[in-house]
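Novice: First to last, the sequence lines map onto chains C and B. Read in this note's numbering, the first sequence has 111 at position 111, and its numbers run on one by one without any break. Take any residue in the second sequence, count from 1 to its spot, add 390: that is its number in this note's numbering.
Quick caveat, the hints were computed from the structure, so don't treat them as lab data. If you're wondering where the values come from, they're calculated on a predicted model, not measured in any experiment. Wrong hints could be hidden among the right ones.
Here are the simulated lysine to any residue pairs, SDA-like style, with alpha carbons at most 25 angstroms apart [stated by the list, open to error]:
(1) Lys402(B) to Asp354(C)
(2) Lys333(C) to Phe309(C)
(3) Lys96(C) to Pro181(C)
(4) Lys231(C) to Thr452(B)
(5) Lys356(C) to Lys148(C)
(6) Lys247(C) to Pro181(C)
(7) Lys247(C) to Ala394(B)
(8) Lys356(C) to Gln50(C)
(9) Lys356(C) to Ala366(C)
(10) Lys356(C) to Lys402(B)
(11) Lys247(C) to Gly102(C)
(12) Lys402(B) to Asn355(C)
(13) Lys333(C) to Phe460(B)
(14) Lys242(C) to Lys434(B)
(15) Lys434(B) to Lys231(C)
(16) Lys247(C) to Ala366(C)
(17) Lys314(C) to Lys434(B)
(18) Lys148(C) to Gly213(C)
Computed footprint of chain B on chain C, listed as stretches where at least three residues anywhere in the stretch have a Cβ under 8 angstroms from a Cβ of chain B [stated by the list, open to error]:
(19) 57 to 66
(20) 236 to 250
All C-beta atoms, glycine included, are put in the ideal place defined by N, C-alpha and C.
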Amino acid sequence: MKMLRFLFLLAVSGLLAACVGPQLRGTGDLGLIIERASGQVTLINTSSRQPYARIDGLGDLSHASVVYSRDARYAYVFGRDGGLSKIDLLEARIVKRIIQSGNAIGGSISQDGRIVVAQNYTPGGIKAFDAETLELLSEVPAEYAPGKFSKVVGLADAPGNKFAYALFDGGEIWVSDFSNPRQPTTQRFPAGSQPYDGLITPDGRHFLAGLFGEDGIAMLDLWQPEKGARKILENYGRGEQKLPVFKMPHLRGWSVAQGKAYLPAIGRHEVLVVDVATWQEVGRIAVRGQPVFVMARPDGRQVWVNFAFPDYAKVDVIDTLSGKITQELAPGKGILHMEFTPRGEQVWLSARDDNKVVIYNTGNFAQVGEIAVNSPSGIFFTHRAGRIGF
Amino acid sequence: MALAEPTATRQKELVRMVRQDCGSCHGMTLQGGLGPALLPAALKDKPAEGLAATIYYGRPGTPMPPWQQFLSEAEAAWIVDKLISEFPQ
């Protein structure tokens with residue numbers, strides 16, 4: 001690890017040999033890959049398609065997720081064990097690390113970039129930290145009934161330094177306003193049975209919570225919260241017996257293309273297509289398993305879909321113009337996550353059981369690279385820094 | 391009930407499956423996630439047959455799915471036995 005980092009620094013400083021003082025570099029083509037089994041992250045460069053450093057000592061990273069500071073220099077890594085680590089991508093080191101809860105599931109960063117919020121399973125609720133120092137600012141326990149705390153899912157940043165999230169056990173959507181970071185105020189909205197994840201639309205207007213306990217998705221219009229959450233895609237399962245779900249779909253990663261949203265069905269091997277002007281279902285596309293991530297290429301021409309166990313060696317690509325699957329890929333074993341380069345010419349896929357990340361050209365579907373990593377899961381590039389909901 | 395031990399190779403597969411695939415809900419270290427913790431302290435007062443049935447048949451109305459396509463009842467019982475004592479790495 002030291003060696004890699006040394007080589008990287010050497011290479012960069014070589015370029016700037018004539019200059020004195022610290023070398024200068026942007027972060028727009030950097031990112032990191034979570035190595036879930038070993039508590040490490042590998043830092044990568046999407047221009048060279050190479051790793052440049054590895055950092056360890058990050059704890060239990062199964063299901064870890066990452067958000068970026070608004071200058072896209074620092075990554076905040078939320079670990080399963082409640083660890084929150086702030087990593088400097090340029091110096092390739094941990095700047096600060098705290099254990100903020102017993103069991104966490106992810107986090108978000110505020111619109112102004114000053115507050116990092118973690119969402120926790122136990123004790124259920126959210127906690128706000130100063131993005132600079134990771135000092136605890138405030139917390140909102142998810143106590144939906146006296147003495148009853150819910151697991152929190154689907155945390156998303158909303159305009160106005162607000163955060164929207166859903167309560168799995170409480171069946172509600174909550175919106176907490178951190179205008180005063182030390183004294184947040186929270187609004188509650190009944191949503192439906194067992195929300196399992198959530199997302200916010202790229203314009204920051206609609207928060208959607210996928211429901212596990214019933215067919216449908218709860219939607220809250222944050223421009224008109226007084227109208228409450230309403231249900232869309234109700235009864236998409238048509239009352240048919242659900243197929244078993246061996247892994248919960250993820251909604252963050254959101255796909256809108258040509259005015260349509262592509263969402264994973266639950267308990268059905270289908271991607272649901274919704275018109276985002278009317279929120280009516282306009283189609284569904286049969287795929288080869290229970291979808292987990294349904295992600296649009298940045299230009300919206302393609303939607304890539306990966307699957308839950310036991311179908312996680314497959315990836316389907318939907319062409320949004322024809323509404324049909326045009327590629328059935330087999331990129332590796334245990335495909336857990338996908339990430340597009342900022343403008344979408346490549347997609348990186350983590351193949352957990354092959355201990356590698358594979359890189360595809362999205363124009364011709366040729367594999368153009370491969371990186372050896374230990375049990376990779378999430379892949380996160382810095383262009384997330386500037387996007388609502390990432 | 392005398393447990394028919396799965397073969398060594400199969401044991402490896404089952405351990406891997408529990409850590410990786412059950413881990414997506416219960417955590418790779420089994421400390422809990424969307425599903426509850428599966429550590430000895432959490433399970434010790436629960437009847438083993440009930441836990442094995444949960445694994446084999448799932449729990450309708452909750453996200454706990456049935457695993458009967460992928461393992462036998464004896465294997466579910468073996469997993470519970472390991473969970474209650476100390477689950478292999």
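Novice: Taking the hints in turn, state whether each one holds.
Specialist: Hint-by-hint comparison with the structure:
1. Lys402(B) to Asp354(C): holds, 17 angstroms
2. Lys333(C) to Phe309(C): holds, 10 angstroms
3. Lys96(C) to Pro181(C): holds, 20 angstroms
4. Lys231(C) to Thr452(B): OK: Lys231(C) and Thr452(B) at ~20 angstroms, within 25 angstroms.
5. Lys356(C) to Lys148(C): violated, 42 angstroms
6. Lys247(C) to Pro181(C): violated, 34 angstroms
7. Lys247(C) to Ala394(B): violated, 29 angstroms
8. Lys356(C) to Gln50(C): Holds, because 12 angstroms separates the two Cα atoms, which is no more than 25 angstroms.
9. Lys356(C) to Ala366(C): Holds: Lys356(C) and Ala366(C) sit about 16 angstroms apart, inside 25 angstroms.
10. Lys356(C) to Lys402(B): holds, 21 angstroms
11. Lys247(C) to Gly102(C): It holds: about 22 angstroms lies between the C-alpha atoms, which stays within 25 angstroms.
12. Lys402(B) to Asn355(C): Within the cut-off at roughly 18 angstroms; holds.
13. Lys333(C) to Phe460(B): holds, 17 angstroms
14. Lys242(C) to Lys434(B): Answer violated: Lys242(C) to Lys434(B) is near 32 angstroms, above 25 angstroms.
15. Lys434(B) to Lys231(C): violated, 41 angstroms
16. Lys247(C) to Ala366(C): Status violated; Cα separation ~28 angstroms.
17. Lys314(C) to Lys434(B): violated, 38 angstroms
18. Lys148(C) to Gly213(C): The given pair, whose Cα atoms are some 19 angstroms apart, holds under the 25 angstroms limit.
19. 57 to 66: holds (count 3)
20. 236 to 250: holds (count 5)
Against the hints set out earlier in the document, violations occur for numbers 5, 6, 7, 14, 15, 16, 17.
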